[in-house]
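Visitor: Protein chains in written order, with the numbering used here: chain F, 75 to 262; chain A, 75 to 262.
Rather than coming from a laboratory, the hints here were simulated on the basis of the structure.
Treat the hints with care, as some may be off.
The list treats identical chains as interchangeable, and a pair is accepted whether it falls inside one copy or across any two copies.
[What the hints assert, rightly or not] With a cut-off of at most 30 Å between alpha-carbon atoms, the simulated DSS-like pairs for lysine-lysine come out as follows:
#1 Lys-106 - Lys-177
#2 Lys-106 - Lys-155
#3 Lys-77 - Lys-186
#4 Lys-128 - Lys-77
#5 Lys-155 - Lys-108
#6 Lys-77 - Lys-177
#7 Lys-121 - Lys-77
#8 Lys-121 - Lys-155
#9 Lys-108 - Lys-121
#10 Lys-108 - Lys-177
#11 Lys-121 - Lys-177
#12 Lys-106 - Lys-121
#13 Lys-177 - Lys-155
#14 Lys-121 - Lys-186
#15 Lys-177 - Lys-128
There are 2 protein chains.
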Amino acid sequence: MLKIPVGVSNRHIHLSHEDFETLFGSSSELSKSKDLGQPGQFAATEKVDFSGPKGTIAGVRILGPFRGQSQVEISRTDAFKLGISPPVRDSGNLAGSESLMLKGPAGTVQLKEGCILAQRHIHMTPEIAGQYQLADGQMVSVSCTGPRALTFNQVLVRVSPNYSLEFHIDIDEANSAMLNTGDVVTLD
Amino acid sequence: MLKIPVGVSNRHIHLSHEDFETLFGSSSELSKSKDLGQPGQFAATEKVDFSGPKGTIAGVRILGPFRGQSQVEISRTDAFKLGISPPVRDSGNLAGSESLMLKGPAGTVQLKEGCILAQRHIHMTPEIAGQYQLADGQMVSVSCTGPRALTFNQVLVRVSPNYSLEFHIDIDEANSAMLNTGDVVTLD
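Chain F extracted, bound-state conformation:
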């Protein structure tokens, strides 16, 4: 039975280099605050504000490195506050996703699309995938115990030699199951 450490993701944004320059100025650079669970990924010092039709969320963390297209990942709680309805999507699958206004110290960016609720997923290496006969892109189920025990279905398997084993959920999902980063869930 595969045991998987939980990583709870707070709202965050992955920026394109172009959008970063618009928000922070063309001479600015993204500075690392701390490394994240997945190799090469880091939380930056810089933050941006989100604005939607119904509200604003200030001081949202940028995750590096830069990506080809800016991507905003928020919880459904955040979405209600902003007044938007992002779809549940896998990272990078942004066509037709929600629009959002970004604000930085040097300017604003109106994203036409790129705001999603992240599909819950497991990062794993090819070695572990092989051991449990799992393939990249497969959907699996994951269970936890406790006073809010539940089974998450529709959990996407993502396989890469660069990944560390981790089950990624957002704060709403963590709260519904009373989970914290570092807790352990089991593959069904």
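Given the coordinates of chain F, assemble chain A onto it according to the supplied hints.
Guide: Same frame as chain F, but now just chain A:
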């Protein structure tokens, strides 16, 4: 297969008559704003503020009628904002639960206990319980479909001739499953 309508509960408070008088004044009366899904239960017009060590949540709805002991039901998202750690509890099981400061137009009440995360539960009549061989107090599992399909375990069955069939969850739980009030889940 039993299909159960979902009722999503926002944060709310059930007040004792004594605490209501402290908060609103001894000549005040609780006024009905609208009836709720369970017979006899109503949302009141009056609201109170919650204060914890880390923050305040203003304008929280009172649900009537009065109870013997005041009971606060919040989400874990709310708990983080207030800076408290309420346990997951069934309604009325308040011994040793969290403390919280209440503020009304006429005064404040420091609850020594009474703040909980509500255990997810199903209200049902004895007829339906009998049909599905369920008993009051039993734990069952309930499933939903969709992009965030999941199975909630640790769902408490509550049986009374006064109940309407309804699956009660809080907003964190609803968001983790992309559920809204009026959606339908199935008993496993």
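Visitor: It remains to establish, for every hint, whether it holds in the given structure.
Guide: Taking the hints in turn, this is what the structure says about them:
Taking the closest pair of Cα atoms, Lys-106 and Lys-177 come within 30 Å of each other only inside a single copy of the chain (20 Å); across copies the shortest separation is 43 Å, beyond that limit. Taking CA atoms no more than 30 Å apart as the test, Lys-106 paired with Lys-155 passes in both settings, with 29 Å inside one copy and 27 Å between copies. For the homomeric pair Lys-77 and Lys-186, neither the shortest alpha-carbon distance inside one copy (39 Å) nor that between copies (39 Å) is at most 30 Å. Taking identical chains as interchangeable, the C-alpha atoms of Lys-128 and Lys-77 are never at most 30 Å apart, the minima being 40 Å within one chain and 34 Å between chains.
Taking the shortest Cα distances, Lys-155 and Lys-108 sit within 30 Å of each other both inside one copy (28 Å) and across copies (24 Å). Neither within a single protomer nor between protomers do Lys-77 and Lys-177 lie at most 30 Å apart by alpha-carbon distance, with minima of 40 Å and 45 Å respectively. Taking CA atoms no more than 30 Å apart as the test, Lys-121 paired with Lys-77 passes in neither setting, with 34 Å inside one copy and 45 Å between copies. Within a single copy, Lys-121 and Lys-155 get their C-alpha atoms as close as 19 Å, and across copies as close as 20 Å, so both meet the 30 Å cut-off.
For a Cα distance limit of 30 Å, the shortest separation of Lys-108 from Lys-121 inside one copy, 14 Å, qualifies, whereas the shortest one across copies, 42 Å, does not. Taking the shortest Cα distances, Lys-108 and Lys-177 sit within 30 Å of each other inside one copy (23 Å), while across copies they are farther apart (40 Å). For the identical chains of this complex, Lys-121 and Lys-177 are intra-copy neighbours only, at 9 Å inside a copy versus 34 Å across copies, given an alpha-carbon limit of 30 Å. Taking identical chains as interchangeable, the C-alpha atoms of Lys-106 and Lys-121 lie at most 30 Å apart only when both belong to the same chain, with a minimum of 12 Å there against 44 Å between chains.
Taking the shortest alpha-carbon separations for Lys-177 and Lys-155, both the intra-copy value of 17 Å and the inter-copy value of 24 Å come in at or below 30 Å. Taking the shortest Cα distances, Lys-121 and Lys-186 sit within 30 Å of each other inside one copy (20 Å), while across copies they are farther apart (39 Å). Taking identical chains as interchangeable, the C-alpha atoms of Lys-177 and Lys-128 lie at most 30 Å apart whether they share a chain (16 Å) or sit on different chains (27 Å).
The structure is inconsistent with the numbered hints 3, 4, 6, 7, although it conforms to all the rest.
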